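> Taking the hints into account, I'd like the entire structure generated from these sequences.
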Amino acid sequence: MNGGLLLAALGTSLLAAVVIFLLPERAFRARTGVNLGAAVIKLSLVAWMVWGLRLGHEYAVAFPVLEGLPFVLRADALGIMFAGLSSLLWLFTTVYAIGYLEDSPNRKRFFGFFSLCVASTLGISLAGNLFTFLIFYELLTLSTYPLVVHRGTAKALAAGKVYLRFTLTAGLVLMIGMVALYALAGDIRFGQREILAGLGPEHQPLLVGLFWLLVAGFGVKAALVPLHGWLPRAMVAPAPVSALLHAVAVVKAGAFGIVRLVYDIYGIELSAELGVLHGLVAVAAVTIVFGSLRALAQQELKPRLAYSTVSQVAYIVLGVGLFGPLGTIAALSHLLHQGLMKVTLFFCAGNYAEELGIHRIDELDGAGRRMPLTSLAFTVGALGMIGVPPVVGFLSKWYLGIGAIQAGMPWVIAVLVTSSLLNAAYFLPILGRLWFRPGPDHGVGAWPGERRLGRFETHAWLLVPTMATALFSLMAGMLAGMPFSPLEWATQVTNAEYLR
Amino acid sequence: MSVSSAASLSTEVVLLLWLTLLVPALLGALAWCFPPRRMLPVLLIGAPLVLATLWLLHRVSVSGEFQGTWSPGGLLLHWRLNGLAGLLLLLTQLLLLASASYAVGHRQTFAVAERAYAGFWPLLGGLAVALGLIWVADDLLTLYAALELMGLCAVGMMLLPGKQEALVAGMRYLLYALVGSLAWLLGVALLLGASGRLDMAGLAANAAPGPVTGIAMALLAAGLLLKAAVFPLHGWLAPVHVSAWTPVSALHGALVVKASFFILMQLWQRLVADAVAAAWLLGLLGSLAVLWGGLQAWRADALKQMVAWSTVGQLGYLMLAFPLLAGTSAAVASLAWQATWLQLAGHALAKAAMFMAAGNLVLATGERHLSGLAGISRQLPLSLMTFGIAAVTLMGLPPSAGFTAKWLLLQAAILAGQWLWVAVLVAGTLLTAAYVFRVFRFAFAEDAPHHDVRVLPAGLDLIALLLALSALALGLGAEWPLALLREGGRP
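Protein chains in written order, with the working numbering: chain X, 1 to 500; chain V, 1 to 491.
The hints are simulated quantities; they were obtained by calculation from the structure and are not laboratory data.
Each hint should be verified, as a subset may be incorrect.
A short, non-exhaustive set of chain V residues, derived as facing chain X with CB atoms under 7 Å [as the list claims (entries may be wrong)]:
#1 V212
#2 I215
#3 P399
#4 Q411
#5 I414
#6 F437
#7 F444
#8 E446
#9 E479
Note that this is a predicted model, so its numbers are computed, not measured.
Backbone N, C-alpha and C define an ideal beta-carbon position, used for all residues, glycine too.
As structure tokens, then:
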């Protein structure tokens, strides 16, 4: 038992938020220092716990809030995996956001809530029971609202309203489900699957009902169709926020909640016995195809990426629904893979918008020659999403496919193939425009709003994180067999899940 | 479990209790003659009262309930100090201290007449005595006296601004309060005639269930509901807050209306604990209050009016305790009991913080209306942040006392199978979010012009922020107060 490390990791971002709120708006250097320092410290703390977990150490801390209902933080393999992803991407996104928001107003508010948002994500990953999970899940809603409406335009404020309507209602649904589950079975720590399994058959209809109630609550953040309506609208947020929302924070929190629910509360066997997994696969399949179709219809870059997220996050849910270790490996590893690839794509979209003023896809013609490194990163991300080896997305789809066969649901392969074709249909034309179409022939200045940011093709603070996450997406695919790769970690978690 | 291990009367507890109850009156009189000019002396003089209350609470947690009698001039008056009374006393002392300090800072920025400002202090002292007596009183006579004192002090404080609208609203409040007192007095007379006793324990033992007790309780309840501004008797509440001074609004919304609820709950548990139908009626009134108060707050144009209407709605949650306590299993009743007082304490802290934050926004910008606050997040981030943190508790989002209380209340409702209250809680939460985030939709707008903002003393923001944060802390640190509540306090 070693809770200090957990509290330190969580406290780092909370403290960063407080310090940033206390610093004056103009204290740019100090704020940058706090931001980066906190991100690096947190990443090292999480890395330390990753290592400690391998050595068999335990990290947990708990104190009672209500009679029989404790606040629990605990680092298990699954949680620390998500924590690692969020800390890594926080570092890159912070660097990116510092560059992106240079000279724009309200940076203090932005970075304060940004840190709170990351603290909530870490809390979600390290929560040890549903009660603690809910606390951070709702905190995430609150801390992302100011980020979504950051621009303060009428459109942003309207999007914020829609965002709150969806997420607050979902939070309530979730709370009712959790209270009911608590009233039924008491406090369940993540991993105590025997509690619900031992309730006896007379409670099974109720358990099925509660399962769907909770999935509905999680499904809003995970943007499962038909609960995805807030996501494309939230695209008005600045690019680093979109990146964070789509790769680690909000959407992933919902998906992670479903993962926790199925594996650590109900347990995969009970879920299969209750027959809820088929429903989950069906919802995921519909979401995958629907998201891809809608993405195809978008003419602007960020909305296309948004609908692509709807589709891609459903892969995680699909993997969860496939009963069997391969499906689990696919789900868990895609949690990480999608984060790496999606954050890269959003960084690129931000780079195009900042440097060249490009928002629409048809404005991208020839941008590859003007911004080769960004376009290279975009290509890596896009190929990964389609599932082209050796980028890491290929592995997710491979495991999903054989997982589907193992689970006796070969029709899922058809969904995967359809989705991959659709992915190709909406990403390849972009790549074609980037690399093979001539740019504006009037020379410099013909982009919608070109600015010269920095010595490189764009500002170094924007370029470096983009390249780094693209590199990680490539490496995670090519070195998938190495220790501590996402796939290897997911396999470890899965083994623990099925062999217990 | 009514008389828990009647601990032997220890003199120092009695002495300290009466000191804590009566010293505020003395301080109030002193401040009347020498109105304080700075916050620090007020804080330093008030802090020992808080410490004394903490010590009393500690004694209660060690040795259980204290009780005793007091006979001035042939009357026999009863008092008792249990976990609940101690906690409410602590809450009161904290909020009084915060409001008193805030009032000093308020005067520094807001031009008020010297006489009116001096008059604030004895009224505050009187209010403190009245509230303290209400928490510890154990007979109807003391309660009556304390209730009247509280009502008069509250009306007096509302009248302090001296403006036309303050006078009109204040006089209406006085009228309502007097009608409430009349109903209360009739009820007391009926009970006295029927059972010949006025102390709670005696009443509970002697009052036979029957029409007389029923009618008496109905009269008492009506009077108290009127004073507590429970739907549909809430009409006086919102207008009095419009022109009232911020520290007065904060105290009123946080404590004064809840004192009547507290008395009602005590009486109800003693006299008609099993009246399920009547309890459901109260629960339904509470539900309507949640909906109507939320709706009116959502429609309100002025910031302070919104906060006042929010009080009407939030009081409705407390009323849900009656049906959950009547005729339900011990587990449900225990959950509902804890939820109620946690909700009360959380709301008191958050509402005081919210009134202060709203007051700061109004004071700094000179704008009363929500639309006047457009773009204010750029200029008054701290006040807005405080408003937001207080709102977290009101919405019942984690980590806050409001959230923990809602969890308990939901659990109680689900266990009891009373699904209606689950729906009410959902609707109330969403309505609260709707009106709270209206403020932020204005505040976060970027296309609005800059305001001419007055610089406020840092203390004003700090006090509000501390109150708002303590409402959050109460959410995660609920175990200590709830353990005290479980020990005793439920008749």
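> What are the numbers of the hints that this structure violates, sorted from low to high?
Hints 1, 2 contradicted; others consistent.
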